[in-house]
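K.L.:
Here is how the chains run, residue by residue.
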Amino acid sequence: MKKIVKMLLVALLVITALTGCNNGGKEDEPKTIKIGLSGPLTGGAAIYGQAVKNGAMLALAEVNAKGGLQLEINMQDDEADSTKADTAYDELLDWGMQVSMFTVTSGAGTGVAPRYDEDHIFALTPSGSATTLVYSDTKVYETTFQMCFSDPNQGVGSADYIKEHNLGTKVAIIYKSDCVYSTGIAQKFVARAGEIGLEIVFQGAFDDSSATDFTTQLQGAKAAGADVLFLPIYYEPASSILKQASDMGYAPIFFGVDGMDGILTMKGFDTSLAEGVYLLTPFAADATDDLTVHFVTEYQKAYGEIPNQFAADAYDVVYALYQALTAGNVTYDMNAQTIADIMIAQFTTMTFDGVTGTSVTWAANGEVSKAPKAVVIKNGVYVNAE
Amino acid sequence: MEKMFKKIFDKKHISRTVSYLIVIVGYIIIQLMMNTVGIKNLFKSLLVPTCCYIVAALSLNLVVGVSGELSLGHSGFMSVGAFAGILVSGLLEPYLAMGWLRLLIAMLVGGVIAGIVGLLISIPVLKLQGDYLAIVTLAFCQIIKSLLNNIYLGVDNNGLHFSFVQNKVVLSNGGRMLLSGPMGATATTRLATFTAGFLLILFALLIIYNLTYSRFGRTIMAARDNRIAAESVGIHIRNTKMLAFVISAILAGMSGALFGLNYSTLQPAKFDFNLSILILVYVVLGGLGNMTGTIFATIILYVLPELLRGLQDYRMLIYSMILILIMLVTNNQSLKEKVEALILKIKTRFLKKGSVAND
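Sequence order for the protein chains is U and W. Under our numbering, the first sequence has 166 at position 166, and the numbering climbs by one with no breaks. Under our numbering, the second sequence has 48 at position 48, and the numbering climbs by one with no breaks.
Be aware that one or more of the hints could be misleading.
As the list claims (entries may be wrong) - Using 30 Å as the maximum straight-line C-alpha spacing, the simulated DSSO-like pairs for lysine-lysine come out as follows:
| no. | chain 1 | residue 1 | chain 2 | residue 2 |
| --- | --- | --- | --- | --- |
| 1 | U | K163 | U | K84 |
| 2 | U | K66 | U | K301 |
| 3 | U | K31 | W | K347 |
| 4 | U | K163 | U | K222 |
| 5 | U | K243 | U | K31 |
| 6 | W | K336 | U | K163 |
| 7 | U | K31 | W | K40 |
| 8 | U | K243 | U | K163 |
| 9 | U | K53 | U | K370 |
| 10 | U | K53 | U | K301 |
| 11 | U | K267 | U | K222 |
| 12 | W | K347 | U | K170 |
| 13 | U | K53 | U | K31 |
| 14 | U | K31 | U | K163 |
| 15 | U | K170 | U | K139 |
| 16 | W | K336 | U | K34 |
| 17 | W | K127 | U | K53 |
| 18 | U | K170 | U | K84 |
| 19 | U | K53 | U | K222 |
| 20 | U | K34 | U | K170 |
| 21 | W | K168 | U | K222 |
| 22 | U | K222 | U | K243 |
| 23 | U | K84 | W | K336 |
| 24 | W | K44 | U | K53 |
| 25 | U | K31 | U | K378 |
| 26 | U | K139 | W | K345 |
| 27 | W | K336 | W | K347 |
| 28 | U | K34 | U | K163 |
| 29 | W | K44 | U | K139 |
| 30 | U | K139 | U | K163 |
| 31 | U | K301 | U | K267 |
| 32 | U | K84 | W | K345 |
| 33 | U | K34 | W | K40 |
| 34 | U | K31 | U | K370 |
| 35 | U | K84 | U | K66 |
| 36 | U | K34 | U | K378 |
| 37 | U | K222 | U | K301 |
| 38 | U | K53 | U | K267 |
| 39 | U | K139 | U | K378 |
Please keep in mind that the hints were generated in silico from the structure rather than gathered at the bench. Values in this document were obtained by computation on a predicted structure and should not be read as measured data.
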């Protein structure tokens, strides 16, 4: 008899754990706008997820302190994996997400973008830069928007910068072949280099299984006489490349894009190796405008480190969402679909000033328009390269 | 009729009956819950991948448990099946509106192609044994991943366009990319359903149990337990093992196709070495040759990390600790004996009651 009672209790527990709690219907009046977010908090890209989380939480505290519309953010771990992001999306739906900050990485976002479109939930990604987040071959996702540059723009911007500032004449590229982000930028860079007459002397690829030893690619670049090495990759392999290049006495100008951001805060990395590395980013922590100074000092106070571009993008996303939510007179009890319509109307017409750019606007397809900046690492900090 | 019942419930086949019962009862309960009280979206999204991993683990158990060869390339077969399935479904889309039929065709094609690849691989692989075999299958998994990472395939009004290593595919208006190298398949129409997953598990169980309980099953276990003795009585070792290997590849391919059609985007990098190991963990934890155990182990280990989401940053730490604990506990001999004693106790009590009732 006891056993039967026990079994019944266990079964009851399992059922309550599995079923949704939306059938109660006795929930209190909502007092916040629920914002969902998924990003890597564990695994190889965890620095990005953590930076986005920090930046978003900082902005959230500031926005809520204003006393106007109250926001709430729920961040789920997706390990930068598209199938995990799918599950994280469902978890956020269960939570009652009304607006979303989408995903931190491109690979994860590509998987869930069609779902945001189907369910008609507004999503603004801080750092998912692939175009596949905002449109596919056959359709434009209406509800998804980006805060960062799209990959093609980064590739084109980098090629233009290297050409205009005469950083070098012979360019080598090392990219990660199984990464949406890396190949996307590399292809556009090569295409743009061809148009503006920048000579590419070497292209080396690696993938996840060979992301620790780069001597072959570096030898190839060195033998080809490259004086600029373009690295459209994440900071983790980039740190190994910098180390191995220094070991073999090869010192070209290293040029990275936003994935290089985070290299200075990587644990166990000798930051002196990153001296003189250029990277294209919309955010420079040494800028002197009021917004940036305020953001950097507050961030340092809260987390004890200089914010990178991911934190800055996330900070801007929260403010941009807040601006649009307020301007659109969104109330707490609206459902996600109603809010999405209001947000789309706001984002395609509004102008936003933030730490990653001023007079930022969005196109109807969700891509952002703002000016890229190049920074160079000097004495362990980013300095505006202009 | 009586004979049939006897066959279902006799001692030899009881584990088979239990497997079927668990899967069917589980399916009915979940379906009932979905239609009455409703399940969280989170669990809904876990249903299909769990089914896929169960089938993959079952099929790997055929190779590792029944046939006794350590294969580390199982995710390779899933990958072949997944991308074959996605391609077929994508190509048929304009001509065939019925989703379930497309899913069925995709799964069949995925299975067949994975089976053909499995057959080709098994020729060199099965000349080896033990560690060497494991390493070659591992290499195979890497080869599949690298190949798929470099294939660009698009379709438009003029037909298929293909390029390798670098994307040179130019499509006319209205064309779409089916495979774009490392980005994999994007914008796939999601066709997979829980019912399809359930039927696939039943199908896999049917095939595996019928194989292992047949003459073929006995020969393959003989080949596993004592190669020389088996050869001396005239068993063709390589052919037997090859059959097990190919069937396992077919089932893995089918589960891969279902998995691929459950997501709108799938990258070849998903099916890496880690996934092979993960499936192997399910098999080892569930018990070599034990299909019921494999089903349970897969469900527990796949759903656990998602259940632990509430723990935030400590999620993966706790998960790995639980994994170590489970491995230690299930391998503990004295604990096993205690559990067996407990089962015996329950059995004898029930039997006693039964005999009383008969009187």
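K.L.:
Now tell me, hint by hint, if it's right for this structure.
P.N.:
Quick rundown of the hints versus the structure:
Annotation: proposed proximity of U/K163 to U/K84 is violated, straight-line Cα distance about 40 Å (limit 30 Å). At roughly 19 Å between alpha-carbon atoms, U/K66 and U/K301 fall within 30 Å of each other, so this suggested pair holds. Restraint check for U/K31 and W/K347: the C-alpha separation of about 56 Å exceeds 30 Å, so the hint is violated. For a cut-off of 30 Å, the pair hint linking U/K163 to U/K222 stands: about 20 Å separates their Cα positions.
Taking the CA atoms of U/K243 and U/K31, the gap is near 51 Å; set against the 30 Å cutoff, the hint is violated. Distance check on the hinted pair: W/K336 and U/K163 sit about 70 Å apart at the alpha-carbon level, beyond 30 Å; violated. Straight-line distance between C-alpha atoms of U/K31 and W/K40 comes to about 23 Å, which keeps the hinted pair within the 30 Å bound. A distance of roughly 26 Å separates the Cα atoms of U/K243 and U/K163; the hinted pair therefore holds under the 30 Å criterion.
In summary, the hint linking U/K53 to U/K370 is supported, as the alpha carbons are separated by about 23 Å, within the 30 Å threshold. Restraint check for U/K53 and U/K301: the C-alpha separation of about 16 Å stays at or below 30 Å, so the hint holds. With a C-alpha separation of about 28 Å, the suggested pairing of U/K267 with U/K222 holds against the 30 Å cut-off. Restraint check for W/K347 and U/K170: not satisfied, since their Cα atoms lie roughly 79 Å apart, outside the 30 Å limit.
For the given pair, U/K53 sits about 22 Å from U/K31 by alpha-carbon distance, which is consistent with the 30 Å threshold. The hinted pair formed by U/K31 and U/K163 fails the criterion: a straight-line CA distance of about 52 Å is larger than 30 Å. A C-alpha spacing of about 38 Å is found between U/K170 and U/K139, which places the hinted pair above 30 Å, so the restraint is violated. Taken as a hint, the W/K336 and U/K34 pair is broken in the structure, with Cα atoms around 48 Å apart against an allowance of 30 Å.
Note on W/K127 and U/K53: the hinted pairing is violated, with a Cα-Cα distance of about 52 Å set against a maximum of 30 Å. Of the pairs offered as hints, the one joining U/K170 and U/K84 is violated, with about 41 Å between alpha carbons and a cut-off of 30 Å exceeded. Between U/K53 and U/K222 the CA atoms are separated by roughly 39 Å; this puts the pair beyond 30 Å, and the hint is violated. At most 30 Å may separate the alpha-carbon atoms for a hinted pair to count; U/K34 and U/K170 exceed this at roughly 50 Å.
Taking the CA atoms of W/K168 and U/K222, the gap is near 28 Å; set against the 30 Å cutoff, the hint holds. Under the criterion of a C-alpha separation no larger than 30 Å, the hint pairing U/K222 with U/K243 is consistent with the structure, at around 15 Å. With a C-alpha separation of about 35 Å, the suggested pairing of U/K84 with W/K336 is violated against the 30 Å cut-off. Under the criterion of a C-alpha separation no larger than 30 Å, the hint pairing W/K44 with U/K53 is consistent with the structure, at around 27 Å.
Distance restraint check for U/K31 and U/K378: the Cα-Cα separation of roughly 46 Å exceeds the 30 Å cut-off, and the hinted pair is therefore not satisfied. Between U/K139 and W/K345 the alpha-carbon distance is near 64 Å, which puts this suggested pair outside the 30 Å criterion. The suggested pairing of W/K336 with W/K347 holds, with an alpha-carbon distance near 16 Å, which does not exceed 30 Å. Taken as a hint, the U/K34 and U/K163 pair is broken in the structure, with Cα atoms around 45 Å apart against an allowance of 30 Å.
For the hint linking W/K44 to U/K139, the alpha-carbon distance of about 27 Å falls within 30 Å, and the restraint holds. For the hint linking U/K139 to U/K163, the alpha-carbon distance of about 34 Å lies beyond 30 Å, and the restraint is violated. Restraint check for U/K301 and U/K267: satisfied, since their Cα atoms lie roughly 20 Å apart, inside the 30 Å limit. Annotation: proposed proximity of U/K84 to W/K345 is violated, straight-line Cα distance about 43 Å (limit 30 Å).
A hinted pair counts as satisfied when its Cα atoms are at most 30 Å apart, and U/K34 with W/K40 qualifies at roughly 18 Å. In summary, the hint linking U/K31 to U/K370 is not supported, as the alpha carbons are separated by about 34 Å, beyond the 30 Å threshold. In summary, the hint linking U/K84 to U/K66 is not supported, as the alpha carbons are separated by about 35 Å, beyond the 30 Å threshold. Of the pairs offered as hints, the one joining U/K34 and U/K378 is violated, with about 40 Å between alpha carbons and a cut-off of 30 Å exceeded.
For the hint linking U/K222 to U/K301, the alpha-carbon distance of about 43 Å lies beyond 30 Å, and the restraint is violated. At roughly 18 Å between alpha-carbon atoms, U/K53 and U/K267 fall within 30 Å of each other, so this suggested pair holds. The suggested pairing of U/K139 with U/K378 is violated, with an alpha-carbon distance near 44 Å, which exceeds 30 Å.
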